[in-house]
Amino acid sequence: MKTIFNLSLIAMLSMQLLSAQKTITGVITDETGVPLPGATVIELGTTNGVSSDFDGNYTIETGEEAALEYSFVGYSSQIIKDIDGDLQNVSLYPSNELDEVVVVAYGVQSKESIVGSIAVISDATIQAQQATTITQALQGSIPGVNIITSGGVPGTNPIIRIRGVGSINADSSPLIIVDGAPFNGNLNNIAQEQVESISVLKDASSTSLYGSRGANGVIIITTKSGTKRSKTQLTISSNYGVSTNASALHDLINVDDFTKYAWESSRNNEQYVNGLTPSAAGSKASMNLISELKYNPYGLSQPVNTSGELLVSPMWDTDWKKAIFSDNVTRKEHGVSINGGGEKTSFYFGSNYLKEEGQVKTTFFERIATRLKIDTEVNDFINAGLNVAYTTSKLNAPSQSGDGIQGAIQWLYSVPNFYPLYQRDGNGELILNSAGERIFDYGNNLTQLVNGSRSNGANENAVGAIDNYKFITNRTSTTMNGYLNVNILEQLKFRSDVFYERSSYDNFSYSDNNFGIAANVDGRVTQNRDFDTTLNLTQSLNYKTYFGLNSLNADIIFETLRYQIDELGASGIGFLTNVNVLNGSTRPEGVSGSNTEERLISLISRISYNYDKKYYLEASARRDGSTRFSEESRWGNFYSIGGSWIASEESFIKDIDFINYLKIKASYGELGNNRGIGYFPYLQLFETGFSQGENPGVLSSSPVDPLLTWEKTAMLNYGVEFGIFDGLLDGSVEIYDKESIDLIYDKPLAISTGNDFIKTNVGSLRNYGVEFSLRSTIIDKEDLTLNLGLNFSLDNNEISKLSQKEFINDNKKWEVGRSLYEFYIRESAGVDPNDGYLMWYKDLLDTNGEPTGERTMTKVYSEADRYYVGASSLPDIIGGFNTSVTYKNFDLNALFNFSFGSYVYDHSYARLMNTTDITGQRHADIANRWTKPGDVTDVPLLLNSQNYFGATSSRFLFKNDYIRLKALSIGYSFKESFTERLNVSRFRLYLQGDNIFTYQTHKGIDPEQDLSGATNNRSYQLKTFSLGVNVQF
Amino acid sequence: MKKILISIALVSTLIVSCDKDYLNEPKPTSSVSTSVIFTSRDGVNSFISGILRASRLELNLDRLDTGGLPSLYFARTVKGNDLILGVQWYRFDYNNDNRDPTDKRTVFSWAFPYTMINELNILIKGINDSENLSATDKDESLSQALTLRAFYYFQLAMEFQHTYSYDASLPAPPIYTSPALEGKAMSTLTEMYTLILSDLNDAVEKGVDSRLDKSYINKNVTYGILARVNQVMGNWSAAEIAASKARIGYSLNASNYSNGFNNIEDEEWIWGIPQTVDQTITINTAPHSFTDNSNKIGYGEAFWNEDFVNRFSDTDVRNTFFDLFGLGDNSGSYKARASSKFKLTFDPDIPLMRSPEMLLIEAEAKARQDNDAEAATLLFSLQKNRDPKAVASGNSGTALIDEILVERRKELYGEIGVEWFDAKRLRKGITRTGNHRVKSPGNLLPDDKKFFLKVPQSEIDANDNIDESVNDDR
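Residue numbers (the working numbering), protein chains in the order written: chain A, 165 to 1197; chain B, 292 to 765.
So that you can see chain A by itself, here it is in the shape it has in the complex:
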């Protein structure tokens, strides 16, 4: 506080010294002569400054030898020295891209002055791409940002990782800040057309102000505002599209092939495992086939003869895909916005409606997002604003990922065409209900010998589940940001921000009273309702001064954050048909509820300095106290320092013609991470909810480390930004190296201790890489422009320290020097042509039982050794490529994104190739199976007994490179002569294609799965063709 007093004292003194020596007046205009109201004029080396009025006029009293700096947002500032006389008119020119104002942590900065690594996506980019979600705008647009959209449920958040994966168990996702406050909700609740800009903060110097939450990068979303003294504009947009799956599904087989394969796996089992003669094995397989499969689409008691031939044609061949997938998937979006402003006040109002369907029948996401923003000048030193948003969304999503029995994709990949969609009697005839309608077959008629019950998907029918169940999630969110800005002095500002968010989550599920999983209890309704409340208060002081060519900017910020989750759930059973609210329940089944609260206190400071806009230095520090750690380890200190040099401002480079811009920068900082570890990870507790009858029951939770502390990340960033040949090539190259220490990890414990894991700080992880971003304006004529852009990053992940030699984590093994994502699995050695058995490698041992380094093969899975197979689920290179062309009134934009070098373990394919369970669906590749000695193939013989051919091995590990045309839009903006007649200022029509082309090395899945490279029966991303219109009045 003392410093602030001193600074203000100096300021007041200087004002007195500078009184009334010379008065300069003039008009500030833009390059076309239009007056710029509110432009700033500052006398360099002093704190003396004024603003221009509504007509661009200014009057300033200066010293005799004054140098004046004229500036205006969005325009290059200009310094004029040695002013003759008392009149000085000035024209300012729009700043080129490099002078953009960029939203940074707790403020804005000019792009030039940034010492760290910040990438920005502007409104213009979002518009040009016609991005349908905020995250879609990021994918392929910014190097070092890895976005994975898992599955095809509309309205779900993708996985976002910035500069690799900096954590194992704690949250590795970036912090999201919307209009200055941390955002806890679903990103898809923000309408992309209401977004002004998205800043991605990647290095320590740009994120360290977020301290304990900044280690994984920060995404700052700023919504649109109105502009003071501007004409009121009305914009209407509308878009309608249709969709199908973007990648093809796995090739499946028909009922006849299925039946023959089932017979063959049974025959092989009798012949090769149980040792029957081929003919005895064949006849036994024929005899047992129907009793093992339990259904019979052929009517004949032995439809396959003893040599494996089908004798009749089937009565059904169920096309599950057709029954599960909708053939008319649509997407529509409509928006309206009004913005403008008067002398003192500006406003923005936007409202947006979206309805997006998914491919699995009845799946949809519907959203209405409304936002109102007002900014006003209360008097000459106070301004204030309010930003209110209300969003409501509804998602209906039948299960379509994971292993859940009625999951749509799980079902497609496990239940063969052999089983009927509708109930059949023992002879295969349809069973109809009293109304004469067909009835979904749930495979649970245990008293009917044939066509009654199946073991595969018993008590379920995925199509019936879609029809008879409901899975609705309603979300609403209200956010309010208010701010008050007091210009205490020209150089000193106080700002207070209040952010309040209340969002509700209401999950409703209903299972039918007549069919499926809850039929035995006459239906079930489960409803969970959560309220999340965030209160974020920020008080900041900003001091800004100039002396000579020096400029200094300092901030002190105090922030508190309170986050509360209030959960309530109930379920009831016993419903009448068509009654599906809890009131209709005849028996309550369960209730639950809890309250959780987390708090964070922070003190933040930042100081930045530049000399002559050539040399920049910035330092910041933050101290955080978090309730997620015990009192002893609760406080963490984080800091950063960075600098940059605009080399192109030096005279010796200014003389080089082809260099337009050159900047060199470096930064270092230490950040923390406390997210994703639970709210009280340090407390050993007993969990409630294990009552036995009337007696309340508790169980001990997992063991804890009471001294668990912050995961910290130290990050180093170097970069160069350049522009050469007048726009022919602009770009940047950045190198980063970050090390996360005290990693929080669920360290596996020997299961004989009765514990799976302990959450503790175990080691260090290094992520390093290089990022390129290149842009080129190839043609820039009035009628024709052509721009190209390319960005990509090469990211590496390496474990640098572990508290023990190694951990085995599922199909990965972690040890120092390896990445978290290297597969460590048994390695398939192909199929023995003699007997068709799959083989794996194992170590050849010497007489002492030590590995000799050589390998041999085994047919016993448990004997096989696991190896690093030279495959990682992290890609070597990811990035995007975009091009935009305008020709007269036409425009074309295309954006590709790509990923190379990663591997995926395809569990779905493994399941489809595994014949242990003869009732399971099969992949068309089974056609290549081993059938007789001498067959050389990579598909082993079919065998209906416990075998490990389908167990985890390199057999199901695939290279997963892909290139996707994410967005292609072709637009036409009508000529002014036409729009004027319609009384509109802009009229644009466009055609849009999303995900319309995908090249991928492993077919049958969507190439975007998850970080660990595992498929999980996810539904597929959609390819969408749409038509849209934008009109501006």
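Any given hint could turn out to be false.
Listed next, the in silico BS3-like pairs over lysine-lysine satisfying Cα-Cα at most 25 Å (straight line) [as the list claims (entries may be wrong)]:
(1) A:Lys1023 x A:Lys1006
(2) B:Lys730 x A:Lys448
(3) B:Lys395 x A:Lys976
(4) A:Lys976 x B:Lys730
(5) A:Lys1006 x B:Lys395
(6) A:Lys1023 x B:Lys680
(7) A:Lys1023 x B:Lys675
It should be emphasised that the hints constitute simulated quantities derived from the structure, not laboratory data.
Please arrange chain B on chain A, whose structure you already have, making use of the hints.
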């Protein structure tokens, strides 16, 4: 200047108003702290309740055949000759081919008992360390905890090595008697049975007859488990005493036999798992869900060997068998005989120990000690109860013992894997006969390695004191 002062005042008020308790206020609401549990009998009881509840929970394996203690028993049941399993959950257990280090059964049968043992060790330590509990409360609670710990170590001993009488010096799973984070080395069967007996004897000493309900442990249950352990060890006089004490107060009542085996209030039940509408695993419930063929909600795909069915007289109340599909007497189909012994309701209770089992242990123990007369009398008391037309066989010696063993199967089929338990402890093997779906490939030879499981890979991976060689010769 005024503006400055206002702003400074604003900022400082905000900073100061956040006193240091701001970060101490939030507390967990869905959990309770250690001090609440171990300072009162109610607290300790709630922990015991939680542990008993957990005995029927799935163990994160996301499978219907790993639903706690009932599934451990049912996996034993399907390995025998009496039950024939269709193509369903437990099918690889039925094939006697589900014992490799990465198999789900292996992982489950290891992890489940150890999860329970860890909770019990936390309980035992908490009780011992408590300064608030009375000596009586401590003893009564400890007797429950020690009985359960012995019970789960007994399951581990049975699942992961040859039987005790084969060679007691063989390696057995590691022993933990207090909460631990570091994995220990393998123990031996001798060490394990020593601990089991000492825990049970300690529990007998401290135990009482009363209890909250029949899912909790009292002296009867402790004696019952002691009887089973001594039965495996061949300590016949100890087995006889324990079994006779276990069944005191739990008389026979044949009239409940046909009620579906889903009610813990049955007077024959000494110990069981109760389920209620809000605390049920319904379709995971073994054996009900997997054997009740007449119910549309379960996975009933179990049938019964005609050779076994033929051992029952028509008037035996335990003859619950019927021809579900009307296949006739000589179809040879494995689906020829279903049973109505277990009726799947939404919340069936599960039997864990019944008085007839204790009666038969007592009879076997008497016969093994050459007290044939008393043994035969006891046996016939059960036979007569179950079948009013029963006639005493007059067997003695080995024939009497064999008759008792058959009676165990007839009485307890489907419940606790009695056929496998007897074949294992008596080192006899099981030969599949009759209309089995999987015949000779499912056979178990005497002392077959298939009577026990390998050590799970995940244990080897995370335990520095156990390496891959533990599975050599397994």
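The hints, checked one at a time:
A hinted pair counts as satisfied when its Cα atoms are at most 25 Å apart, and Lys1023 (chain A) with Lys1006 (chain A) qualifies at roughly 10 Å. For a cut-off of 25 Å, the pair hint linking Lys730 (chain B) to Lys448 (chain A) stands: about 13 Å separates their Cα positions. For the suggested pair Lys395 (chain B) and Lys976 (chain A), the alpha carbons sit about 19 Å apart, so the restraint of at most 25 Å is met. Between Lys976 (chain A) and Lys730 (chain B) the alpha-carbon distance is near 39 Å, which puts this suggested pair outside the 25 Å criterion.
Annotation: proposed proximity of Lys1006 (chain A) to Lys395 (chain B) holds, straight-line Cα distance about 23 Å (limit 25 Å). With a CA separation close to 57 Å, the supplied pair Lys1023 (chain A) and Lys680 (chain B) exceeds the 25 Å bound. Only pairs whose Cα atoms come within 25 Å are accepted, and Lys1023 (chain A) paired with Lys675 (chain B) is rejected, the gap being roughly 55 Å.
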